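Residues per chain, in single letters:
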Amino acid sequence: MRWLRKNFIGIFAILVLIYLFIPIAVIMVLSFNNPVGKFNLSWNEFSTDAWTGLCDVPGVCSSFVKSVEIGLMSTLFATILGTMISFALVRYRFRGRSTTNLLIFLPMATPEVVMGASLLALFLNMKFPLGILTITVAHIMFIISFVVVTVKARLQGMDPRLEEAARDLYAGPRAVFRYVTFPLVLPGILGAALLGFSLSFDDFIISYFNAGTMVTFPIFIWGAAQRGIPVQVNALATLVFLIALAIVLGGQFVNYRRRKKLEAPLAVPSAPPMVADAMSRS
Amino acid sequence: MAAVIPQAAATKPSSVAARKSRTGYLLLFPGIAWLGVFFAIPLVTLFATSLQTPIEGKTGKYQPGFAVGNYADAIAQYWPQFLRSFLYAGTATLLALAIAYPLAYFIAFRAGKWRSLMLVLVVAPSFASFLLRTYAWKTILADDGVITSTLNNLHLLPDGRILNTWIAVVAGLTYNFLPFMILPLYAALEKIDPRFIEAASDLYASPVTAFRKITWPLSLPGVVAGTLLTFIPAAGDYINASLLGSPKNRMIGNAIQNNFIEFRDYPMASALSFILMAIILVLVFTYIRRAGTEDLV
Chain A
1 MRWLRKNFIG IFAILVLIYL FIPIAVIMVL SFNNPVGKFN LSWNEFSTDA
51 WTGLCDVPGV CSSFVKSVEI GLMSTLFATI LGTMISFALV RYRFRGRSTT
101 NLLIFLPMAT PEVVMGASLL ALFLNMKFPL GILTITVAHI MFIISFVVVT
151 VKARLQGMDP RLEEAARDLY AGPRAVFRYV TFPLVLPGIL GAALLGFSLS
201 FDDFIISYFN AGTMVTFPIF IWGAAQRGIP VQVNALATLV FLIALAIVLG
251 GQFVNYRRRK KLEAPLAVPS APPMVADAMS RS
Chain B
1 MAAVIPQAAA TKPSSVAARK SRTGYLLLFP GIAWLGVFFA IPLVTLFATS
51 LQTPIEGKTG KYQPGFAVGN YADAIAQYWP QFLRSFLYAG TATLLALAIA
101 YPLAYFIAFR AGKWRSLMLV LVVAPSFASF LLRTYAWKTI LADDGVITST
151 LNNLHLLPDG RILNTWIAVV AGLTYNFLPF MILPLYAALE KIDPRFIEAA
201 SDLYASPVTA FRKITWPLSL PGVVAGTLLT FIPAAGDYIN ASLLGSPKNR
251 MIGNAIQNNF IEFRDYPMAS ALSFILMAII LVLVFTYIRR AGTEDLV
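Residue numbers (the working numbering), protein chains in the order written: chain A, 1 to 282; chain B, 1 to 297.
Because the hints were derived from the structure by calculation, they are not lab data. Keep in mind that the hints are not guaranteed to be accurate.
[To be verified] Sample of chain A residues lacking proximity to chain B, with all beta carbon distances greater than 12 Å (derived):
no.	residue
1	I18
2	P23
3	N34
4	G37
5	C55
6	E69
7	W222
8	N255
[Said to hold, decoys possible] Partial list, computed: chain B residues near chain A (C-beta under 8 Å):
no.	residue
9	L27
10	P30
11	K61
12	I99
13	G112
14	W114
15	A124
16	Y135
17	T139
18	P233
19	A235
20	L243
21	L276
22	I279
23	V282
Owing to the predicted nature of the structure, the values given are computational and were not obtained by experimental measurement. Every residue gets a Cβ at the ideal spot worked out from N, C-alpha and C, and that includes glycine.
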């Protein structure tokens, strides 16, 4: 009884983590299901059909590829634009700083329906054709803020003595940037890109408003939800989940090894504090 | 909101002292221009659209106007959806806070070397499709499922079921936005120096008092950030209401989506979006201000 009281928070924490993974388990288990009828909602019998024929249902793979394309394009642009803004915010003085901060904060505080609807209003008024271009433009817009928050935190958490040391050793501004600043910020940029891709790949609401007849993976799932989601969708979602998890765990492992090797207390802020940091700062 | 900034600039060590040059503006311009053109201007367009009037004889066509009455119509017709959105989102936010706080506390103070792994586990579920995760709750909360039948045996469910009721919608919202609550809470708790808590207990504070006087007040920035990050997307969400609720549980997001995409009543949809945005911004600013002046500092 005393043990239970002492470890209550620990037990609760583990239960919450399990709770977070219940739907993931359901998605995975049902990817091996052979459902009765169209709706893959309850277990019937074991089958690997979905895994061996990932593209057998029309529309599944083409929408998946579209989402990957949109994700890569918008992540590339948003990461570049967002990283530039972060450098300006941390390293330069300029006028209109509070307006800039507000413009970066607001997209994160705006419900997706409002952003989706307002962009659609703009495109309709301009008579701009909806499709892959409008979706990508929208995704770049809402990812930029998240990139800024992530990269800015990394820049601020950097030990200034490292750059000082480089300058003391007669490195020019370019060399300092290339051999010291950039390599130190890179993990933050990569983290931001990963976050950006996952936001874009999984976005439904903003995409749906601005898609026209274009079908991304989430839009395909939405349409299929009414008439039964093909088992292949579960298999693909499982695959994406496992790949993303592997990338993140791999990154953590590299980080851990490097930190052990250096044995130096280099500040390596992980993703979470940054979001909160941005929220509390803005 | 901007009060923090000069202070941040002042504390910067002299070696990386902020430079004032054209480079700063050049770095800033492309991204800020993008946000201006595709975030700020659309909001203006949205406002203009919300005041448009229909063109006689042509359905689905609208002309610029100043129809303030659109707003009155929007509220008269959709106030239940607004009310429901804020009730559901509010309940989900409180539930998320109650679930997230102990976990964030554990990760910040007790997890030791498991800390980064646990953080990865908090984020990991988001790598599986949002829509599919929500859809999975249909299976978990099914009428013949374990949860529903257990609760039914205890006679705890008023309707005898969970799926297609408000309970399912709130459960879905709580689940989906939980990581947005956990991460800011963790970030705030992690900054607390454990010696403060030790000092409190050295001065004969009971664990409860130490929590009430030290940990909780110091974690308030995280509570504010977490509740906002959970409440805002939850209030605008319509996926949970569509997949897990019945037509009686539709939220304001459903109304905006239907009016924009199905009915093509753009002025109505725009007015609804604008009201939602305005209510949320008012809530956000009063909340930040209140928490900010009274407890944050």
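Now the hints, each set against the structure:
1. I18: violated, 10 Å
2. P23: Check fails; 4 Å does not lie beyond 12 Å.
3. N34: The assertion about N34(A) holds, with a minimum of 15 Å to chain B.
4. G37: The claim holds: G37(A) sits with its nearest Cβ about 14 Å from chain B, beyond 12 Å.
5. C55: Non-interface label stands for C55(A): nearest chain B Cβ at 17 Å, farther than 12 Å.
6. E69: holds, 17 Å
7. W222: violated, 6 Å
8. N255: Incorrect as stated: the minimum Cβ-Cβ distance to chain B is 8 Å, not above 12 Å.
9. L27: Result: holds, 4 Å to nearest chain A Cβ.
10. P30: This hint holds: P30(B) lies near chain A, its Cβ roughly 5 Å from the closest one there, short of 8 Å.
11. K61: violated, 11 Å
12. I99: Where the cut-off is 8 Å and the nearest Cβ of chain A is about 6 Å from I99(B), the hint holds.
13. G112: Constraint on G112(B) not satisfied, violated at 11 Å.
14. W114: Nearest chain A Cβ about 10 Å off; hint violated.
15. A124: With a minimum Cβ separation of about 5 Å from chain A (threshold 8 Å), the hint on A124(B) holds.
16. Y135: holds, 6 Å
17. T139: At 5 Å from the nearest chain A Cβ, T139(B) passes the 8 Å test, so the hint holds.
18. P233: holds, 6 Å
19. A235: holds, 6 Å
20. L243: holds, 6 Å
21. L276: With a closest approach of 6 Å, the L276(B) hint holds.
22. I279: violated, 10 Å
23. V282: With a minimum Cβ separation of about 12 Å from chain A (threshold 8 Å), the hint on V282(B) is violated.
Hint violations for this structure: numbers 1, 2, 7, 8, 11, 13, 14, 22 and 23, all remaining hints satisfied.
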